[in-house]
Amino acid sequence: MSSVRICVCGDEGTGKSSLITSLVKGVFVTNKIQPVLPQITIPPTLGTPENVTTTTVVDTSALPQERNNLAREIRKCNVILLVYSDHYSYERVALFWLPYFRSLGVNVPVVLCANKSDLATGHSETRVVEEEMLPLMAEFKEIDSCIRTSAREHRNVNEAFFVCQKAVTHPIAPLFDSKEAALKPAAVAALQRIFYLCDKDRDGYLSDKELEDFQVRCFSKPLNEADLNHIKDTIQKACPESVTESGIDCQGFIHLNKLYSEKGRHETVWIILRAFQYTDNLSLQEKFLHPKFEVPPFASAELSPEGYRFFVNLFLLSDKDNDGGLNEAELASLFAPTPGLPASWADGSFPSSTVRNEAGHVTLQGWLAQWSMTTFLSPKTTLEYLAYLGFEPSESDQSITAALKVTRPRRKRRRPGRVGRNVVQCHVLGAPGSGKSALLDALLSRGFSTTYHPTIQPRTAVNTVELPGGKQCYLILDELGELEPALLENQSKMLDQCDVIAYTYDSSDPDSFAYIPALLAKYPHLEELPSVFVALKADLDRTTQRAEYQPHEYTAMRNMPSPPLHVSVTWSSIQEVFVHIAEAAMEPSTAFPRSEEDVEGKWMSWGIALGAVISEITSFSDSISVLPPPPPRYTIPVAYAAGAANGMAVPVVETNNTITHPERGCPLQVGEGTYILQDDLLLATPPPHPSEAPIINPNPLATLPTPPTSGVKLSLVTLDPRKKPPTFLKSAVTPPQFGDGNSALAAPPVAAKDASKRRKPKNNIIKSSSSFVSRVITHETSVKRLGDRDSNGVFAFANINRAFQWLDLSSPTKEEHLTKVLFTKAHMLCHDVNEVTKTSSHLDIVMGSSAGDIIWYEPMSQKYARINKNGVINNSPVTHIKWLPGSENLFIASHANGVLVVYDKEKEDALFTPEANGHADHDVGRLPLDILKSVNSKNQKTNPVSFWKMANQKISSFAFSPDQRHLAVVLEDGSLRLMDYLKEEVLDIFRSYYGGLICVCWSPDGKYIVTGGQDDLLTIWSFPERKVVARCQGHNSWVSAVAFDPWRCDQKTYRFGSVGDDCRLLLWDFSVGMLHRPRAHQASTRNRSSIVLPNSQTANRHRADSGDNRVRSDSNETEKYDEFIDQTPSHPVEPRSRTALLPPIMSKIVGEDPICWLGFQKDCIMTSSLEGHIRTWDRPSDSVKS
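Mapping to full-length UniProt numbering: the sequence shown position 1133 is 1133, numbers consecutive.
In case anyone wonders, no lab produced these hints; they're calculated from the structure.
Think of the CB as a built atom: it goes at the ideal place given N, C-alpha and C, for glycine as much as any other residue.
A hint or two may mislead.
As the list claims (entries may be wrong) - When the alpha-carbon atoms are kept at most 20 Å apart in a straight line, the in silico SDA-like pairs for lysine to any residue are as follows:
{"#": "1", "residue 1": "Lys380", "residue 2": "Ser304"}
{"#": "2", "residue 1": "Lys907", "residue 2": "Trp1002"}
{"#": "3", "residue 1": "Lys983", "residue 2": "Pro962"}
{"#": "4", "residue 1": "Lys760", "residue 2": "Lys882"}
Stated by the list, open to error - Simulated DEER-style distance windows between Cβ atoms:
{"#": "5", "residue 1": "Glu358", "residue 2": "Glu835", "range": "54 to 60 Å"}
{"#": "6", "residue 1": "Asp177", "residue 2": "Ala329", "range": "55 to 61 Å"}
{"#": "7", "residue 1": "Gly433", "residue 2": "Ser333", "range": "36 to 42 Å"}
{"#": "8", "residue 1": "Met860", "residue 2": "Thr658", "range": "25 to 31 Å"}
Take the sequences, apply the hints, and build the full model.
Here it is in structure tokens:
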């Protein structure tokens, strides 16, 4: 509103013109003035509402002959000032004027003015209001307010016109029902939403800090303590229970605004409403709800990182019971400030369309997936709900569109290359009964139901899919139901939105496949979309299809890249079929029929590449007189080689490690100097084993024969005492051994002559006939190399895919392995060398595999033993493994089902059954830890030594404290758990900022713990103080490894490094003083009226965030113990505004694939990556602290 037009109406002789003249002149004019004054314009003055630039006052005549002019002016005005001065003119207000206004159809506020109050000496103010004005206001709701004036005495003249201005800019009618003396429902609803948005911690109260933030946002002025106390006292008089130590509840907040409306200060309420984008009719502004956001054809909309962060924080604030899921009550509370669930959610049967936990509650993963799908299908809906839910962009000049981003259009799908999308859509087509609904249920990890329910209405499912390389995307599967013909005929929408089509059929039904060729013939435009063919119900007997071509013949005839994939939702995992669909959407050119030129070109390029490799190997061996590794013992058809889909045999070639020495490449510049990249050693990825070939495996996408690798990890060992890391522990007290006091764990006596000998495993790994070990490749000069090497050199043990390599990093030919072990059924994921038993002739190594099996390996003698064979103790993958400090025999392994197990390398395995005292640690006041077998158990003849169930989620990693008493464990549920493992008890639990934790390490003096994870942050925790002391921001993706540099640490300053999926290596320095430095709060001030009084002080604002992550459960563990897990009290997540923020001293992209390991040596820094790059940087001279 920029201008206000006031039409002054009333009978002749009521003093209309005198009021206007008195307003303009400032005094009463005694001379006779003309009956109707000309229109006047008044500039804004002191007291004029701030959004009014000009005020136009129009005088009118009540004479019948002027009735047309009167009607024209009334229709043009914003507000009517209706003047009466005696009993006759008062009666005419109800009998003529107000009905006349209604007859004109105008809907403007009316201000009733009782003029010439100087003549009514016998009438008091109260009497006039009660007897004259209130009855009229009760009958005619268009009367906004009333005022009594006198032009002669210049009484309330300016106020009368100010009331008119306020009636336009701040109308009382939409807010307050004077008859009921209550706020109107629409106003209450708006104020409830404002309360919800200002209640940042969702505790149901506006705290003092939240009230200050509210005051600054609405009035640009802070709230001083006296005003705050006055507000609370005012509310407490009427609503005693609305004011508590926590703050003011919603009822008190609404009562406060009711008081403003009752007392004539409704402009304060309007300032509040307009600060939250409300219009005069109490609806949100259209441009706020629906800002301009265009998605070009063939592009799509996705949530930006800022949008994802908002929905993560909203989930965490709404999860009141901290069970990792939103129940119906929590969802209802979350959507309270909105019109309800989005219509598309209700139509899609939310929450059955996304991921839920066992209780049926929506998980964080499902919550983000649902919003990702909504943004993809209807970005306007997401923008509308972002407005309702209170999204605030980080930059003041941005709108809510900052929460979304537009992907690059992908018009030419057949052109090679990946699309830049994180959300893809797939239509699942197939005959009725082919298993489409079960496939959607499998995407949501729901169990298979044998009951057939035909799909009538379209159905949608969405979940995350992890692609090769670790990147995740959201996959939307659509089943079209009975609307399939109508939806498929909409050619433009199909080609615009859909990314890939999955054609499904029932491999056990002879009439199922014929539906697909008929569908393609009826809708030829489907040929323009990438496609995959899936044969469902592969667990049933396969039958011949009654079609012109069999499925594999049909796909071969169409030159499809691969034949139909045979899967069954009854299998333990069909995740790879979703990966296959997602990959076809992400790289659409690979899912179209290939032309003859494409097939011939691929065969030619493959043959040239193979020839080049063979010739290179030949020339290399001739030049250095070193033979390549033995040739493989098999030739098989493999699906990953070119032409394998046509059934042609392709030889598998074993390749060698390679090393490069970049000249001045990738330097790391820090304060003490420059770290120079010495070399880049690339480990050779082994070829697939025959058991991984599709011709042998009935499920070509199964993960069990070829489980995913976790990237290359290194275990380093040296006998040089000069390279031993420095220690900073002040106490020289040696902790007791694990299980000290349990006679059943006492080692058997050893003869004096055998005391110096180390026990070795029993089986020779080279001569082994085990199906678990595929083969062992030893270097032909390994014996000579071991004899000639420096005894103080460094050995490295590295895993890559299904291979495990032993390397000599001190050798001039470090790229040539000493031994390479290839496994058949699993990948090695983690390993560790025993520092206690290491000698120049003996090394003890334990390796944890993706199958759960553990290998105890002694490389000098090439002996090995297999522990937890076939998962007899725990069949979940081993995520981390370490020797117990100071122990020769005991090591601890974490499993993906949330279990920590202590094994003895020399003990045999036995089928594990939880012991009866498994719940002993659920005493009141103790943090939960299910001890399914204690170290104090007398049953110690077989493994395990101890068995602890920590959670139902994956344990990512753990680390021992330097004092060898404590264990820091990080989990995929975002928790850091501190244990006194000697006493088998959990001491404390902390939570990540959000997302799962991946890595953890201790400072050399044991005072600090550093964790990294999926929130892209590193967090420094003080172990003595049991709190977060700093967060480190610098990574752009998940942090995969963190380690302290003990050679750059002392008693006051610390150096640590981190690596992550963003391919970066970061170095950090901190001191004790830096950790406790508070962050500065910021505030802005503008000049507007206050909620209470105009004099207050500056306020600060911040918002708290936290996080969580998806879970992974174990189907093998006894269910009766699960009820005790994850009921874990923990410290509240510390807001970032209250925590010191630490920047890196160095940040560098060091490769093109994710970095997954980091290690510090006295003379170098080393990293390893997902694809096998081991990089070494030499330290600058004199960079090690003495």
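Quick rundown of the hints versus the structure:
| no. | hint | in the structure |
| --- | --- | --- |
| 1 | Lys380 x Ser304 | holds (15 Å) |
| 2 | Lys907 x Trp1002 | violated (31 Å) |
| 3 | Lys983 x Pro962 | holds (17 Å) |
| 4 | Lys760 x Lys882 | holds (18 Å) |
| 5 | Glu358 x Glu835: 54 to 60 Å | violated (42 Å) |
| 6 | Asp177 x Ala329: 55 to 61 Å | violated (31 Å) |
| 7 | Gly433 x Ser333: 36 to 42 Å | holds (41 Å) |
| 8 | Met860 x Thr658: 25 to 31 Å | holds (27 Å) |
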